[in-house]
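**Student:** Build out the structure end to end from the sequences listed, making use of the hints.
Top line first, the protein sequences correspond to chains A and B. Number 72 in the working numbering belongs to position 46 of the first sequence; there are no gaps in the numbering. Number 59 in the working numbering belongs to position 42 of the second sequence; there are no gaps in the numbering.
These aren't lab readings, by the way, just hints derived from the structure by calculation. Note that the Cβ used here is the ideal one computed from N, Cα and C, for glycine as well. Wrong hints could be hidden among the right ones.
Claimed, not checked - Computed footprint of chain B on chain A; a stretch qualifies when at least three of its residues, placed anywhere within it, have a C-beta under 8 angstroms from a C-beta of chain B:
no., region
1, 155-167
2, 179-189
What the hints assert, rightly or not - Heads up, simulated BS3-like pairs for lysine-lysine below, C-alpha to C-alpha not over 25 angstroms straight-line:
no., chain 1, residue 1, chain 2, residue 2
3, A, K191, A, K145
4, B, K29, B, K87
5, A, K154, A, K138
6, B, K87, A, K121
7, A, K118, B, K29
8, A, K188, A, K118
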Amino acid sequence: MSALEIPYVYTPREDTGLTNAKLGIWLFLASEVMLFGALFSTYIVLRVGAPVWPRGASILNVPLATLNTVILISSSVTMVMAWAELARGQFKRHKLYLALTILLSFGFLIVKYVEYSTKFHHHLFPSKSTFLAIYFTLTGLHGLHVLGGIVVNTYFLGPGAKMWKTEPQRFMGRIEVAGLYWHFVDLVWIFLFPVLYLL
Amino acid sequence: MHQEHSAEEVQKHVRTYLVVFVMLLALTFVTVAISRLHLGVFQSIVLALIIACIKGSLVALFFMHLISEKKLIYGALALTVAFFIGLMFLPVGQMITAVAL
Numbered sequence: 027m028s029a030l031e032i033p034y035v036y037t038p039r040e041d042t043g044l045t046n047a048k049l050g051i052w053l054f055l056a057s058e059v060m061l062f063g064a065l066f067s068t069y070i071v072l073r074v075g076a077p078v079w080p081r082g083a084s085i086l087n088v089p090l091a092t093l094n095t096v097i098l099i100s101s102s103v104t105m106v107m108a109w110a111e112l113a114r115g116q117f118k119r120h121k122l123y124l125a126l127t128i129l130l131s132f133g134f135l136i137v138k139y140v141e142y143s144t145k146f147h148h149h150l151f152p153s154k155s156t157f158l159a160i161y162f163t164l165t166g167l168h169g170l171h172v173l174g175g176i177v178v179n180t181y182f183l184g185p186g187a188k189m190w191k192t193e194p195q196r197f198m199g200r201i202e203v204a205g206l207y208w209h210f211v212d213l214v215w216i217f218l219f220p221v222l223y224l225l
Numbered sequence: 018m019h020q021e022h023s024a025e026e027v028q029k030h031v032r033t034y035l036v037v038f039v040m041l042l043a044l045t046f047v048t049v050a051i052s053r054l055h056l057g058v059f060q061s062i063v064l065a066l067i068i069a070c071i072k073g074s075l076v077a078l079f080f081m082h083l084i085s086e087k088k089l090i091y092g093a094l095a096l097t098v099a100f101f102i103g104l105m106f107l108p109v110g111q112m113i114t115a116v117a118l
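**Tutor:** What follows is the structure, given as structure tokens:
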């Protein structure tokens, strides 16, 4: 082992039973829970304090958001399949599922773009009402997370995929970690959808 | 942990993912259908949050493999959940104080 080699990239540490990347991503996701938690908490304060609160469905497009929910759930399945295919050594199929995940992520952003532009077209900006302010803040932050996921997954589909030939275990760990992040993005949307659109 | 995966083991995982996928889709449509019934605000919120929690748990348990994870991660998440609940009840505490004043 050279002095510069990073330890525990695919062999678990004896004390934690985890690779460093796995522990790292979970701690990062814990901090993400608090980030979104703060905004959900803000939502409660704003909603309870408001004299009137609109039903999300009266302002927002529920069919489009339902479509986006289906898209994001599907992308979670293709992401976990990308990992499962690596686990059985099917690299080509892994790439196919990863590409599908990226495609679905773009699909989500396109639908979101249509929603946003319709709102702007009707002069429904964040400054228009408290509801719209928290709607744009929450979905905007979530959208940035989707964008982040696309960047990471595209890297692993492109230049990052070279690692599969040299260090397959490490690459599989990376896909697992990227997957954990992606499922978290899906999980946040699962709560955003009813809170903003249906209640 | 994931060094060796037999073909059958992965196949079993894949079947689980598909079952979870179908359940998530079904619950999405259930939650939309319930919202169209125009129940009272309180009932709507409780029902929608229960369904969202079930869906979230399915994703966390099966896609994120939390159903079989190491103790340290459970510990870190337990701490996160405790703080998250605190964060959600912070506004409630504030409201009680406001009413008392």
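**Student:** Are the Cα positions of K118 of chain A and K29 of chain B separated by 25 angstroms at most?
**Tutor:** 20 angstroms, holds
**Student:** Using a Cβ cutoff of 8 angstroms, are there at least 3 residues of the region 179-189 of chain A near chain B, or does the coverage claim fail?
**Tutor:** violated (count 0)
**Student:** Given the hint that K191 of chain A pairs with K145 of chain A, test it: the Cα-Cα distance must not exceed 25 angstroms.
**Tutor:** 47 angstroms, violated
**Student:** Just to be careful, I want the Cα atoms of K188 of chain A and K118 of chain A compared with a cutoff of 25 angstroms; is the pair within it?
**Tutor:** 13 angstroms, holds
**Student:** Taking 25 angstroms as the top limit, are the C-alpha atoms of K29 of chain B and K87 of chain B close enough?
**Tutor:** 21 angstroms, holds
**Student:** Holds or violated: K154 of chain A with K138 of chain A, Cα cutoff 25 angstroms?
**Tutor:** 19 angstroms, holds
**Student:** Please check whether the region 155-167 of chain A has three or more residues whose CB lies within less than 8 angstroms of a CB on chain B.
**Tutor:** It is violated, with 0 qualifying residues against the three required.
**Student:** Would the pair K87 of chain B and K121 of chain A pass a check requiring their Cα atoms to be no farther apart than 25 angstroms?
**Tutor:** 28 angstroms, violated
Violated hints for the displayed structure, listed by number in ascending order: 1, 2, 3, 6.
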